[in-house]
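S.K.: Once you know that position 22 of the sequence shown is 22 in my numbering, the rest is easy, because the numbers rise by one and skip nothing.
Mixed in with the good hints there might be a few duds.
[Claimed, not checked] Label pairs and their calculated CB-CB ranges: (1) Pro-47 x Met-74: 28 to 38 Å; (2) Gln-132 x Pro-29: 20 to 30 Å; (3) Cys-6 x Arg-54: 38 to 48 Å; (4) Lys-63 x Thr-122: 13 to 23 Å; (5) Leu-13 x Ala-67: 23 to 33 Å.
Just so you know, the hints here were simulated from the structure itself, not pulled from any lab data. Cβ coordinates follow ideal geometry from the N, Cα and C atoms, glycine included.
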Amino acid sequence: MQLRLCKIVITALSFVFLLLVVFGNLTDPNSNYQFVRHVLSMDTTFPGNALMYRSIHAPIVHKVFFATIILWEMLTCALIGGGSLRLWRARNAPSADWKKAKGLASLGLTAGLVQWYFAFTTVAGEWFLMWQSKTWNGQDPAFRLFVFMGLSLLFLNQADD
Numbered sequence: 001m002q003l004r005l006c007k008i009v010i011t012a013l014s015f016v017f018l019l020l021v022v023f024g025n026l027t028d029p030n031s032n033y034q035f036v037r038h039v040l041s042m043d044t045t046f047p048g049n050a051l052m053y054r055s056i057h058a059p060i061v062h063k064v065f066f067a068t069i070i071l072w073e074m075l076t077c078a079l080i081g082g083g084s085l086r087l088w089r090a091r092n093a094p095s096a097d098w099k100k101a102k103g104l105a106s107l108g109l110t111a112g113l114v115q116w117y118f119a120f121t122t123v124a125g126e127w128f129l130m131w132q133s134k135t136w137n138g139q140d141p142a143f144r145l146f147v148f149m150g151l152s153l154l155f156l157n158q159a160d161d
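Let's have the full structure, built from the sequences with the hints guiding it.
M.R.: Here is the structure:
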C-alpha cells in the first residue's frame with residue numbers, strides 16, 4: 001500500500017506541474033509565444049550559419065506551433081490527471097486491477113516524454129538549432145522535464161506486488 005501511495009503522489013506531481021504550465025500559457029500566452037517565435041525564426045542562432053533555410057518567419061505558423069504545444073500540454077495534463085485519479089481509486093484493489101489502472105497515467109507520462117523529447121529537444125533543439133541561442137534555449141528545462149516524467153513512468157510501472 002505504501003508503494004502504491006508513493007506512485008500516486010509522484011504521478012500526481014506531473015499533473016500539478018502540467019496544470020501550472022497550461023495555466024501559465026493561457027494567462028500569459030505572449031511570454032511563451034515569444035519563445036516559440038524566436039526559436040522558429042532562428043534569429044538568435046549563430047550568425048551566418050548555413051542552416052538558416054530552416055527558419056520560419058510566418059506568424060501564422062508560429063501561432064499554430066504554439067497552439068499545438070498548448071493543446072498537447074492540455075491533453076497530457078488530462079491523461080495524467082485522469083490516470084492519477086484512476087490510481088487513487090484502485091489503491092486498495094487487487095494486483096490485476098491496480099496494474100490496469102496504471103494505463104492512463106502511463107499514456108499521459110509517455111505523451112509528456114514525446115513533447116519534451118520530440119518537440120523541444122529534437123525539433124526545436126536540433127532542427128531549429130535552439131542549442132545555439134543563449135537567450136531562447138529551452139534544452140535544459142526540456143531535458144529536466146523529460147527526466148522527471150521518464151523516471152515517474154519507470155517508477156509507476158515498476159513491479160510493486
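S.K.: Each hint needs a verdict: does it hold in this structure or not?
M.R.: Verification of the hints:
Our hint of 28 to 38 Å for Pro-47 and Met-74 holds, since their Cβ atoms are close to 37 Å apart. Evaluation of the 20 to 30 Å hint for Gln-132 and Pro-29 yields a pass: the beta carbon distance comes to about 25 Å. Judged by the Cβ atoms, the range 38 to 48 Å given for Cys-6 and Arg-54 holds: they are separated by roughly 44 Å. A hinted range of 13 to 23 Å holds for the C-beta pair Lys-63 and Thr-122, which are about 21 Å apart.
A hinted range of 23 to 33 Å for the beta carbons of Leu-13 and Ala-67 is consistent with their spacing of about 26 Å.
Checked against the numbered hints given earlier, this structure breaks none of them.
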